[in-house]
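Q: Here's the letter readout for the chains.
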Amino acid sequence: MERFRRMAGLIWLFPILLVPTPAAAQVNLDGSWGNLEILHEDEPERLPGPELGDYLGVPIKNAARYRADAWDASLLTVPEYQCRVHPSDYAPSFAGIRIWQELDRDTQELVAIHIHHLAYSTERTIWMDGRPHPPDYAMHTAMGFSTGKWEGDVLAVTTTHLKEAWIRRNGLPRSDRAVVTEHFIRHGENLTLMTVIRDPAYLTEPFIRTRDYVYQVASRNAPYPCESVEEIARPEGVIPHHLPGTNTFLQEFPARHGIPPKAARGGAETMYPEYQLKIRSGEAGTPAPVVTKATK
Amino acid sequence: MRNPKILQKSALACALFISAAHGQNGRPADGDIHILPVHGNIYMLVGAGGNVAVQTGEDGVLVVDTGLAQNAQKLLAAIKTISNGPIRYVINTHHHPDHTGGNVTIRMAGSTIAGANVTGDLQDAAIGALLISHFNVFNRLSAPGGAQTPLPPAGWPTSTFMTGQKKLWFNGEGVDILHQPAAHTDGDSIVYFKRSDVIATGDIFTTTDYPIIDLQGGGSIQGTIAALNRIISMIIPVFGQEGGTLVIPGNGRLCDLGDVVNFREMTVIIRDRIEDMVKKGMTLEQVKAAQLTQDYDPLYGSTDFWTTDKFVEAVYKSLSDKKNGAK
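One line per chain: the protein sequences are E and F, in this order.
Residue numbering for the first sequence follows my numbering, starting at 1 and increasing by one per position.
Residue numbering for the second sequence follows my numbering, starting at 1 and increasing by one per position.
The set of hints was computed from the structure by calculation and includes no laboratory data.
Among these hints, one or two may not hold up.
[What the hints assert, rightly or not] Restricting the straight-line Cα-Cα distance to at most 30 Å, the calculated cross-link-like pairs of lysine-lysine (DSSO-like) are: (1) E:K262 x E:K61; (2) E:K262 x F:K288; (3) F:K310 x F:K279; (4) F:K288 x E:K61; (5) F:K317 x F:K288; (6) F:K166 x F:K194; (7) F:K167 x F:K194; (8) F:K310 x E:K61; (9) F:K80 x F:K166.
Just need the whole structure built from these sequences, with the hints factored in.
A: So, in structure tokens, the structure goes:
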């Protein structure tokens, strides 16, 4: 009887427990997420940029390979290119991010999730209110148009309307036809961001990349101003690039690491672990002789 | 007797029309006219053929290009949903039918303010909007020499210019109409709405195809690149390559600096590759066999009218043509 009384006393709690929890409360991603503690993870991507001709593990089509072979880093000296920002599918790879929610004041429903990238101080909006993506003839931007939904505790985001950009900072392109899906997964003080790029123009299979971040209790993103200047005096409209078959820099990457030049050319096959067996067996070609400082 | 040259040009124009009608990427296929607000009182209308720019305000309506003839009534209805003001000006960026086909319908739906000795001498001076273009557009639409004209006289430009520029003040802002010689055609105009900060480029710039170089219509690869350089020099972005001045292309989606820069990059790189082979004495067949556009074909290549082969051929011929500056 005493037990029944106690239970009856708790009955008033039931209506409160039955009130649906707003989706926004599933996981709170708000805050600054840094990567300074884990810069060793994919270090070339986060700091100096990948080596020229390193297409390993990227499921590229021939068109992407041909285009990357023509890419000349001097392109970045052309004024219009100097302040070109990292796209939303690359910016988080480069540096830390800050996330915050936008709630409707009256209903406290989640309208959007915003992300600030340290890189170039760009900001993107992930719409959580169910709005549709714009038509094809609307503008494409570096951040694209993103909508999100919760899949359990995981924030799943779909982005369209991206401007043409890059998968790696060595000229490997990502087209404006790409559709990017992302999954933000929080594990306590750690955040994993998985990015899946589907690009019918330049990729044969989805390209999947993960990045990890650590929660920053006290941090402030520095501003990231950029001003174009005339670095090299050139006639108007000159675009630095390598003519087909003339880019000798492409041979440096396999030579430096002693891997078969064929493997460095990338493609879907080079993504999978089985390809390591081909390299070991020599099926992927003869490794380039390692060029060290001593042998130069 | 029809002039065979004119017939050739008409065939090209029809083919360009087909290309415009069946393209993709930024072109809706539902047959409707879609209205996209751009900046302030500027709108981009998509689906009439080539893109149409509309500026509205207290003075009335200004229309840049008029789409295909068969879509003219739908285009007019769409314009009326934006503004019931009188159509005062129509500007043609060039002469192709996917940009001038609706000239008669759109122009005749408007009127020109006229008075004093003008109306005394010319009773029809107020009928129809003023239709502005470079003089070469008038020449091609009116087909001097007695050939069959692509449009009846009501669709011909009524105000032409032969210098590099024509200026208007309309709806509280300056409108700069800038001729760009020998680019897509020999009559191209870039229209710049100065306060709204919007540029309508005509087919000098599209997001849907390789640059369409109408050699018979007076176009050239070097002129196209010069035109793209000029457009880029006019754009001031908010940051990086984005925002600020917006660009309405001749076909395709609404753009800003980054899109024009990417398009110029592609055009210059392919020009350089073909020019290198031309200098080495390679034939057109050798150039085509080299597949020099393979990296951009997934973005701009087409099996439609403006095929990749035709683009390569146009660049090759343009670079080989002494009058286009070939060395």
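Q: Now look at each hint and say whether the structure bears it out.
A: For each hint, the structure was consulted:
no.: 1; hint: E:K262 x E:K61; result: holds, 14 Å
no.: 2; hint: E:K262 x F:K288; result: holds, 26 Å
no.: 3; hint: F:K310 x F:K279; result: holds, 20 Å
no.: 4; hint: F:K288 x E:K61; result: holds, 20 Å
no.: 5; hint: F:K317 x F:K288; result: holds, 12 Å
no.: 6; hint: F:K166 x F:K194; result: holds, 13 Å
no.: 7; hint: F:K167 x F:K194; result: holds, 11 Å
no.: 8; hint: F:K310 x E:K61; result: holds, 24 Å
no.: 9; hint: F:K80 x F:K166; result: holds, 27 Å
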